[in-house]
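2 protein chains.
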Amino acid sequence: MSLFKTLPLALCLFIVTAFKTDDKSNISNTETSVQKDPLPSWNEGAAKKAIIAFVSNATNSKSSQFIPVEDRIATFDNDGTLWSEQPAYFQLFFAIDRVKAMAKDHPEWKNQQPYKAILENDMEALKQSGMKGILQIVATTHTGMTTNEFEAVVKSWASTAKHPTKNVPYTDMVFQPMLELLHYLRANQFKTYIVSGGGVNFMRAFLPSIYGIPEEQIIGTRFKTEWINDGDKPIIKVLPELEFNDDKEGKPLNIQKIIGKKPVFAAGNSDGDLQMLQWTASNKLNSFMLYVHHTDAEREWAYDRESHIGGLDKGLDEATKHGWTLVDMKKDWKVIYPKYQ
Amino acid sequence: MSLFKTLPLALCLFIVTAFKTDDKSNISNTETSVQKDPLPSWNEGAAKKAIIAFVSNATNSKSSQFIPVEDRIATFDNDGTLWSEQPAYFQLFFAIDRVKAMAKDHPEWKNQQPYKAILENDMEALKQSGMKGILQIVATTHTGMTTNEFEAVVKSWASTAKHPTKNVPYTDMVFQPMLELLHYLRANQFKTYIVSGGGVNFMRAFLPSIYGIPEEQIIGTRFKTEWINDGDKPIIKVLPELEFNDDKEGKPLNIQKIIGKKPVFAAGNSDGDLQMLQWTASNKLNSFMLYVHHTDAEREWAYDRESHIGGLDKGLDEATKHGWTLVDMKKDWKVIYPKYQ
Chain X
1 MSLFKTLPLA
11 LCLFIVTAFK
21 TDDKSNISNT
31 ETSVQKDPLP
41 SWNEGAAKKA
51 IIAFVSNATN
61 SKSSQFIPVE
71 DRIATFDNDG
81 TLWSEQPAYF
91 QLFFAIDRVK
101 AMAKDHPEWK
111 NQQPYKAILE
121 NDMEALKQSG
131 MKGILQIVAT
141 THTGMTTNEF
151 EAVVKSWAST
161 AKHPTKNVPY
171 TDMVFQPMLE
181 LLHYLRANQF
191 KTYIVSGGGV
201 NFMRAFLPSI
211 YGIPEEQIIG
221 TRFKTEWIND
231 GDKPIIKVLP
241 ELEFNDDKEG
251 KPLNIQKIIG
261 KKPVFAAGNS
271 DGDLQMLQWT
281 ASNKLNSFML
291 YVHHTDAERE
301 WAYDRESHIG
311 GLDKGLDEAT
321 KHGWTLVDMK
331 KDWKVIYPKY
341 Q
Chain G
1 MSLFKTLPLA
11 LCLFIVTAFK
21 TDDKSNISNT
31 ETSVQKDPLP
41 SWNEGAAKKA
51 IIAFVSNATN
61 SKSSQFIPVE
71 DRIATFDNDG
81 TLWSEQPAYF
91 QLFFAIDRVK
101 AMAKDHPEWK
111 NQQPYKAILE
121 NDMEALKQSG
131 MKGILQIVAT
141 THTGMTTNEF
151 EAVVKSWAST
161 AKHPTKNVPY
171 TDMVFQPMLE
181 LLHYLRANQF
191 KTYIVSGGGV
201 NFMRAFLPSI
211 YGIPEEQIIG
221 TRFKTEWIND
231 GDKPIIKVLP
241 ELEFNDDKEG
251 KPLNIQKIIG
261 KKPVFAAGNS
271 DGDLQMLQWT
281 ASNKLNSFML
291 YVHHTDAERE
301 WAYDRESHIG
311 GLDKGLDEAT
321 KHGWTLVDMK
331 KDWKVIYPKY
341 Q
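Which chain is which? The protein sequence lines are X and G, in order.
Residue 1 is where the first sequence starts when you use my numbering, and the numbers rise one by one after that.
Residue 1 is where the second sequence starts when you use my numbering, and the numbers rise one by one after that.
Keep in mind the hints are simulated off the structure, nothing from the lab.
Just so you know, even glycine gets a beta-carbon here, dropped at the ideal spot from N, CA and C.
Don't take each hint at face value.
Unchecked claim - Partner residues aside, some chain X positions facing chain G, computed with beta carbon under 7 Å:
1) Gln136
2) Thr171
3) Gly231
4) Pro234
5) Lys237
6) Glu241
7) Leu253
8) Ile258
9) Gly260
Stated by the list, open to error - The calculated lysine to aspartate or glutamate pairs, modelled on DMTMM-like cross-linking and capped at a C-alpha distance of 20 Å, are:
10) Lys261(X) with Glu226(G)
11) Lys155(G) with Glu70(X)
12) Lys261(G) with Asp37(X)
13) Lys331(X) with Asp37(X)
14) Lys248(X) with Glu124(G)
15) Lys155(G) with Asp71(X)
16) Lys284(X) with Asp232(G)
17) Lys237(G) with Glu151(G)
18) Lys314(G) with Asp232(X)
19) Lys191(G) with Asp71(X)
20) Lys233(G) with Asp232(X)
21) Lys261(G) with Glu149(X)
22) Lys261(G) with Glu226(X)
23) Lys284(X) with Glu124(G)
24) Lys233(X) with Glu318(G)
25) Lys110(G) with Glu124(G)
All chains, please: the whole structure from these sequences, using the hints.
Here it is, written out as structure tokens:
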């Protein structure tokens, strides 16, 4: 099993440190009822202007940059692009919460690493359990059950769990400007997809209603599965073995496998999205490449080249070199989250 | 490489025999302009009645059998369900035609099996080349090029190639009643998918406009692919190694991986579709399972339990046992093909 080597989730182990309490006092409401402006939470500026010009041309049949409806494929990374990803990918918090929830049926975990570390909130010990430990936690919390069972578990978690420092539901930590962008693209007959390194079954369980993106337009990392049919009640069981890592070159490869068309619009925030943006940039049709640059330490987090999570280094250079749109969260976004600041 | 063992294409080797000339004299036109009847090429009978009742209930919000729009997923097998598959899967004819077209650049093939057999139309010798021979032909004709290059090759073939006995374009050998069924479902907000043992890149190259099903709703057998990016012109290359065989239990597994929802409607014609129908039948929502039964030796072909291609044996028993809809081509369909009989 090469699960750990490739699973981005694993990286976050090194980031799960003592959680700081962030300032949540600066609450403001988002503008959702402005009629003329399709992107009301975006400040006027180069990024907003470029997006609107792209969509206007794509939908103008007289423009040389017109895009036929069937080719209007838009792919979005999730972690760090559509919602926050600090201090660790939210899926890791799910795994940690899940171990705690399962512990009552596993009294032996009290004395067994890496479970003991989680139950005692000892992140240092969890770190020390290394790759083997994370692998064990992911297998325990994400596999060995049917797809239906996993879906129910994630749904329940998403409806109650809160972010460790912001202390709000994870589902409140989506980016309001990106929700508007998704809506704007769909209103112009773009088909919006998520293409994420996160687990596909994890995302499908609760993100469709948040983003307005149906399950079948969510692409992600997945485990092997097994068909079991004893009699008339078939089930599909998730096995503890990675089948496809939807990160870096895995993104365009999966887009080609599953969608079968090159996107005309792609948005990401890290070097893990670079190949998806390069693939999109190579489209013969006019295409749009967007990087969300995390520059707002006050309202969200500020990080790029040096970050272990969502590192944006080579991508930052390529974006500059090719003139891709770099969204400066601090300058370009009036609000970050829909429900609070 | 376990390509041959699982690739359904390989089966057809044993069926490619001397081609009989079929009777094509009984030409009739299809009815496409009848307003009230959504399925004008279907004779009145149990199958048509059941389909219309299912769709009427699915779209009636007051019915206990109502299906929310987002759950209206309909999956169709391709070979033998949406178009003919005799005397061999059409994709095998593509491979044979392709070898002939490539031969001018390969003078050595004149003395090299299995190419020699194809160039001399010696199907007996092709048979004798066995698994290894078919593997070689599939690798030669389907892989080792970019996805774009393969698409161009297939498009060109589909626009000129003709069926060996019917002597019409393969694209004319789709089933008019099934085109009407696809259209009827979409008109009632069902999302129609192809889920086929055929090659996904082969189907995507020319079937979308024929069926009204976009590339991203075509699921099939696929090869491994490789991302190559030297500079700013990334390509995806198809490798001669099977990645996923979309047949039997591979169908529901792939549906779960790619669509992430259980279908409410599934149509097939062989035992290779049985697991997809079982998965659909296990939906908590009301669901519809349909088998096309090839009973018309005069207008199409008649075969079921004993056929090496599209064998329907266990599926026939299960359909009877569970009351799934068995479409009797001879009795239920007024016409078979849109353009000729």
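So, going through the hints one by one against the coordinates:
Given hint, Gln136(X) at the interface with chain G, is violated; its Cβ is 24 Å from that chain's nearest Cβ, farther than 7 Å. With a cut of 7 Å, the hint placing Thr171(X) at the interface with chain G is violated, because the nearest CB-to-CB distance is about 18 Å. A cut of 7 Å between beta carbons decides the hint on Gly231(X): the least distance to chain G is about 10 Å, and the hint is violated. Contact between Pro234(X) and chain G, as hinted, is supported at the beta carbon level, the nearest pair being about 5 Å apart and thus within 7 Å.
Look at Lys237(X): its Cβ only gets to about 10 Å from chain G, farther than 7 Å, so that hint breaks. With a least beta-carbon distance of about 14 Å to chain G, the hint placing Glu241(X) at the interface is violated under the 7 Å criterion. Hint on Leu253(X) holds. Least Cβ distance to chain G is approximately 5 Å, under the 7 Å limit. The interface hint given for Ile258(X) is met, as the beta carbon of that residue sits about 6 Å from the closest beta carbon of chain G, less than 7 Å.
Restraint check, Gly260(X) versus chain G: the minimum CB separation of about 4 Å is within 7 Å; hint holds. For the proposed pair Lys261(X) and Glu226(G), the alpha carbon gap of about 16 Å is at most 20 Å, so the pair holds. Straight-line distance between C-alpha atoms of Lys155(G) and Glu70(X) comes to about 18 Å, which keeps the hinted pair within the 20 Å bound. A threshold of 20 Å between alpha carbons decides the hint, and for Lys261(G) with Asp37(X) the separation of about 35 Å lies outside it, so the pair is violated.
The suggested pairing of Lys331(X) with Asp37(X) holds, with an alpha-carbon distance near 18 Å, which does not exceed 20 Å. Distance hint between Lys248(X) and Glu124(G) is unfulfilled; the C-alpha atoms sit about 47 Å from each other, more than 20 Å. Only pairs whose Cα atoms come within 20 Å are accepted, and Lys155(G) paired with Asp71(X) is accepted, the gap being roughly 18 Å. Straight-line distance between C-alpha atoms of Lys284(X) and Asp232(G) comes to about 13 Å, which keeps the hinted pair within the 20 Å bound.
Between the alpha carbons of Lys237(G) and Glu151(G) the distance comes to roughly 12 Å, so the proposed pair stays at or under 20 Å and holds. The hinted pair formed by Lys314(G) and Asp232(X) meets the criterion: a straight-line CA distance of about 14 Å does not exceed 20 Å. A threshold of 20 Å between alpha carbons decides the hint, and for Lys191(G) with Asp71(X) the separation of about 18 Å falls inside it, so the pair holds. Proposed proximity of Lys233(G) and Asp232(X) is contradicted: the alpha carbons are some 50 Å apart, above 20 Å.
Among the hinted pairs, Lys261(G) with Glu149(X) is consistent with the structure: their alpha-carbon atoms are about 14 Å apart, no more than 20 Å. A C-alpha spacing of about 16 Å is found between Lys261(G) and Glu226(X), which places the hinted pair at or below 20 Å, so the restraint holds. As the CA atoms of Lys284(X) and Glu124(G) are separated by approximately 45 Å, the hinted pair breaks the 20 Å bound. Taken as a hint, the Lys233(X) and Glu318(G) pair is honoured in the structure, with Cα atoms around 14 Å apart against an allowance of 20 Å.
With a CA separation close to 16 Å, the supplied pair Lys110(G) and Glu124(G) stays within the 20 Å bound.
Violated hints, listed in ascending order, are 1, 2, 3, 5, 6, 12, 14, 20, 23; each of the other numbered hints is respected by the structure.
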